[in-house]
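J.: Sequence:
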Amino acid sequence: MKQQLPHLQISRFCKARPEAVYDLVADLQTHLDWAGARQTRDFHLVSLEAPPGPATVGTTFSSTGVIPMSRRRWSDRSTVTVADRPLKFEITTQATAGERNAMTAVYRHTYEISPAAAGSRVTYTLTQLSITNPMLRWALPGMERMTWLMTPMFAGRGLRNLLALAEEIDLPTPAGARHPLSPAVGYTQEK
Numbered sequence: 488m489k490q491q492l493p494h495l496q497i498s499r500f501c502k503a504r505p506e507a508v509y510d511l512v513a514d515l516q517t518h519l520d521w522a523g524a525r526q527t528r529d530f531h532l533v534s535l536e537a538p539p540g541p542a543t544v545g546t547t548f549s550s551t552g553v554i555p556m557s558r559r560r561w562s563d564r565s566t567v568t569v570a571d572r573p574l575k576f577e578i579t580t581q582a583t584a585g586e587r588n589a590m591t592a593v594y595r596h597t598y599e600i601s602p603a604a605a606g607s608r609v610t611y612t613l614t615q616l617s618i619t620n621p622m623l624r625w626a627l628p629g630m631e632r633m634t635w636l637m638t639p640m641f642a643g644r645g646l647r648n649l650l651a652l653a654e655e656i657d658l659p660t661p662a663g664a665r666h667p668l669s670p671a672v673g674y675t676q677e678k
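Start counting at 1 in the sequence shown, then tack on 487, and there's your number in our numbering.
No wet-lab data here; the hints were simulated from the structure.
Among the hints, a few may not be true.
As the list claims (entries may be wrong) - Restraint ranges, calculated between C-beta atoms of paired labels, are given here:
| # | residue 1 | residue 2 | range |
| --- | --- | --- | --- |
| 1 | R647 | H494 | 13 to 23 Å |
| 2 | R647 | V569 | 14 to 24 Å |
| 3 | E586 | L658 | 39 to 49 Å |
Glycine included, each C-beta is placed from N, C-alpha and C at the ideal position.
Can you make the complete structure from the sequences, with help from the hints?
T.: In structure tokens form, the structure reads like this:
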């Protein structure tokens with residue numbers, strides 16, 4: 488019997504078009520906003536080094552961030568594994584937390600975006616593919632379950648931040664002007 492990999496899945500409605508959501512996820516620099524500046528103080532991106540413009544399959548980047556309830560920070564090397572505009576964007580991340588006896592793990596982050604009435608439906612899935620030298624909260628069976636139960640709270644906020652930013656960018660303002668990053672002024676790059 489095949490054991491199911493630890494994962495979580497969160498699905499939300501967004502008033503922005505699927506293309507607008509996809510373009511934000513694919514522009515890795517925007518992650519510093521919706522997964523960094525707009526995220527909680529105890530779980531957020533601190534730095535990100537990535538090429539400019541839309542990421543494509545094979546694009547690699549690195550990031551660092553803060554871990555909840557820990558003095559450790561994570562350090563990641565990530566690769567874009569799926570870039571199917573505007574439907575799906577996927578990243579595989581090799582994460583390291585700490586320095587001495589560091590925890591290492593591999594995660595898959597998947598964003599599936601589908602058209603919905605007056606916007607889009609975005610489903611985020613986080614899958615833990617492997618873990619070595621886990622921190623105590625990941626090593627103890629009861630604590631591991633509790634950690635996975637708490638993870639949607641942090642990941643859910645990141646997804647809400649992404650969707651809020653997509654709506655800010657994609658929807659016209661009352662005066663009819665568009666956000667400075669909107670597609671109307673060249674934020675997206677058509678294939």
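J.: Evaluate each hint against the coordinates.
T.: Evaluated hints:
R647 and H494 have their C-beta atoms about 19 Å apart, which keeps the hinted 13 to 23 Å range intact. Distance hint check: the CB atoms of R647 and V569 are about 23 Å apart, consistent with the given range 14 to 24 Å. Our hint of 39 to 49 Å for E586 and L658 holds, since their Cβ atoms are close to 44 Å apart.
Violated hints: none; the structure is consistent with every hint.
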